[in-house]
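**Q** Below, each chain spelled out in residue letters.
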Amino acid sequence: MAVELSPKMQAFTQEVFPAIIGTNRKDGSVEIVPVWFEYKDGSFWINGGTNRGWFKHLQRDPRITLLLIDPKEMFRWAQVGGRMVNWAEDPGGDHINHLSHRYLGRDYQNPRTGRIKIQIEPLRINGSIDGWR
Amino acid sequence: MAGAKTAKALNPAVQKLAALPILIVVATKRADGSVQLNPVWFELKDGFIWLNSNTNRTWPKNLQRDRDVTMLLVDPKTPDRYAQIHGRLVSLIPDPKAEFIDRLSHRYTGKKFRELEPGEHRVTLKIQPVTVTGQMV
Chain H
1 MAVELSPKMQ AFTQEVFPAI IGTNRKDGSV EIVPVWFEYK DGSFWINGGT NRGWFKHLQR
61 DPRITLLLID PKEMFRWAQV GGRMVNWAED PGGDHINHLS HRYLGRDYQN PRTGRIKIQI
121 EPLRINGSID GWR
Chain W
1 MAGAKTAKAL NPAVQKLAAL PILIVVATKR ADGSVQLNPV WFELKDGFIW LNSNTNRTWP
61 KNLQRDRDVT MLLVDPKTPD RYAQIHGRLV SLIPDPKAEF IDRLSHRYTG KKFRELEPGE
121 HRVTLKIQPV TVTGQMV
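Sequence lines, in order, name chains H and W.
The opening residue of the first sequence carries number 1 in the numbering used here; numbering runs sequentially from there.
The opening residue of the second sequence carries number 1 in the numbering used here; numbering runs sequentially from there.
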């Protein structure tokens, strides 16, 4: 069951910093990378190329952990345990362009082809934003 | 990890980032295989990454089970510059007098660490970097 974000968490997700995502590699190790994200309509949304390692991992094991952390004040953080529930092509790169505006305030400069958007359902949340749990 | 560099010595850009009082994100695996991410204090010294924790915390338990850890350093000024460091736990060193956590506390806060809570046991985790990937390599 997806969890609903508290008002504090919802406000935190509107701040502009990348999410650090952790996925499981086939060999059992963990990959962590920063990615652009947005929280909208109860889900987290990220965007990538189909050749990205983390997307391949998610197709095999849909579990994903997101760390939202303020890079300037790193004691402000939340860990979101979730699951990829859906992914779809991003025709014309509309979604990556939308994220580019959120992060950079301008159109996406790189090729907008071959991109996908991924929907992540939050299942559990902890960290310092809602208080330690 | 094809193409990853063996981290005999972390490159100067990564060393420079590691010298800042930023937190390192530690990724471990829970018993059910899901990924746990924790931002923690660290120090890079003598080619090893040194962490410290309370023995009751989940992430050091995960780390002891797997001995495998992935860590991420992110440039606070340019968050798309990062280094992903894959490492192995080489030793677990009890820190009964809280000497190492005091050292880390000075690095981050300029002060001694708080008084330990009753029943709190600190432990230092020594990690050998194995590979480094990311936008700073």
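If you are wondering where the hints come from, they were derived from the structure by calculation, not from laboratory data.
Be a bit skeptical, because a hint or two may be false.
DMTMM-like cross-link-like pairs, simulated, lysine to aspartate or glutamate; straight-line CA separation at most 25 Å [said to hold, decoys possible]:
id	chain 1	residue 1	chain 2	residue 2
1	W	K77	H	D27
2	W	K16	H	D70
3	H	K8	H	D70
4	W	K111	H	E73
5	W	K45	H	E73
6	W	K111	W	D80
7	W	K16	W	D66
8	W	K45	W	D95
9	W	K61	H	E15
10	H	K56	W	E117
11	H	K56	W	D66
12	W	K77	H	E89
13	H	K26	W	D32
14	W	K111	H	D27
15	H	K72	W	D80
16	W	K61	H	D107
17	H	K40	W	D80
18	W	K77	H	E4
19	W	K97	W	D32
20	H	K72	W	D32
21	H	K56	H	E38
22	W	K16	W	E115
23	W	K61	W	E117
24	H	K8	H	D107
25	H	K56	W	E99
26	H	K72	H	D130
27	W	K97	W	D80
28	H	K26	W	E43
29	H	K72	W	D95
30	W	K126	H	D27
31	W	K45	W	E99
32	W	K61	H	D61
33	H	K56	W	E115
34	H	K72	W	D102
35	W	K112	W	E43
36	H	K117	W	D80
37	W	K77	H	D61
38	W	K16	H	E73
All of these numbers come straight from a predicted model, not from anything done at the bench.
**Q** Confirm or reject each hint.
**A** A quick look at each hint next to the structure:
1. W:K77 to H:D27: 33 Å, violated
2. W:K16 to H:D70: 20 Å, holds
3. H:K8 to H:D70: It holds: about 14 Å lies between the C-alpha atoms, which stays within 25 Å.
4. W:K111 to H:E73: With Cα atoms ~18 Å apart, K111 of chain W and E73 of chain H stay inside 25 Å; holds.
5. W:K45 to H:E73: 24 Å, holds
6. W:K111 to W:D80: 31 Å, violated
7. W:K16 to W:D66: 29 Å, violated
8. W:K45 to W:D95: At roughly 17 Å apart (the allowed maximum being 25 Å), D95 of chain W and K45 of chain W satisfy the hint.
9. W:K61 to H:E15: 32 Å, violated
10. H:K56 to W:E117: Given that 25 Å is the threshold and the Cα spacing comes to 44 Å, the pair is violated.
11. H:K56 to W:D66: OK: K56 of chain H and D66 of chain W at ~23 Å, within 25 Å.
12. W:K77 to H:E89: 32 Å, violated
13. H:K26 to W:D32: At roughly 15 Å apart (the allowed maximum being 25 Å), D32 of chain W and K26 of chain H satisfy the hint.
14. W:K111 to H:D27: 41 Å, violated
15. H:K72 to W:D80: 14 Å, holds
16. W:K61 to H:D107: The given pair, whose Cα atoms are some 44 Å apart, is violated under the 25 Å limit.
17. H:K40 to W:D80: Holds - the C-alpha atoms of D80 of chain W and K40 of chain H are around 22 Å apart, at most 25 Å.
18. W:K77 to H:E4: 31 Å, violated
19. W:K97 to W:D32: This hinted pair is violated, its Cα atoms lying about 34 Å apart.
20. H:K72 to W:D32: Roughly 32 Å between the alpha carbons, so the hint for K72 of chain H and D32 of chain W is violated.
21. H:K56 to H:E38: 21 Å, holds
22. W:K16 to W:E115: 31 Å, violated
23. W:K61 to W:E117: 19 Å, holds
24. H:K8 to H:D107: 29 Å, violated
25. H:K56 to W:E99: Answer violated: K56 of chain H to E99 of chain W is near 43 Å, above 25 Å.
26. H:K72 to H:D130: At roughly 19 Å apart (the allowed maximum being 25 Å), D130 of chain H and K72 of chain H satisfy the hint.
27. W:K97 to W:D80: Violated, because 39 Å separates the two Cα atoms, which is more than 25 Å.
28. H:K26 to W:E43: 30 Å, violated
29. H:K72 to W:D95: The given pair, whose Cα atoms are some 30 Å apart, is violated under the 25 Å limit.
30. W:K126 to H:D27: 23 Å, holds
31. W:K45 to W:E99: Holds, at about 16 Å.
32. W:K61 to H:D61: 23 Å, holds
33. H:K56 to W:E115: 46 Å, violated
34. H:K72 to W:D102: 23 Å, holds
35. W:K112 to W:E43: Status holds; Cα separation ~16 Å.
36. H:K117 to W:D80: 19 Å, holds
37. W:K77 to H:D61: Answer violated: K77 of chain W to D61 of chain H is near 33 Å, above 25 Å.
38. W:K16 to H:E73: 19 Å, holds
Violation of the numbered hints given earlier is confined to hints 1, 6, 7, 9, 10, 12, 14, 16, 18, 19, 20, 22, 24, 25, 27, 28, 29, 33, 37; the remaining hints are satisfied by the structure.
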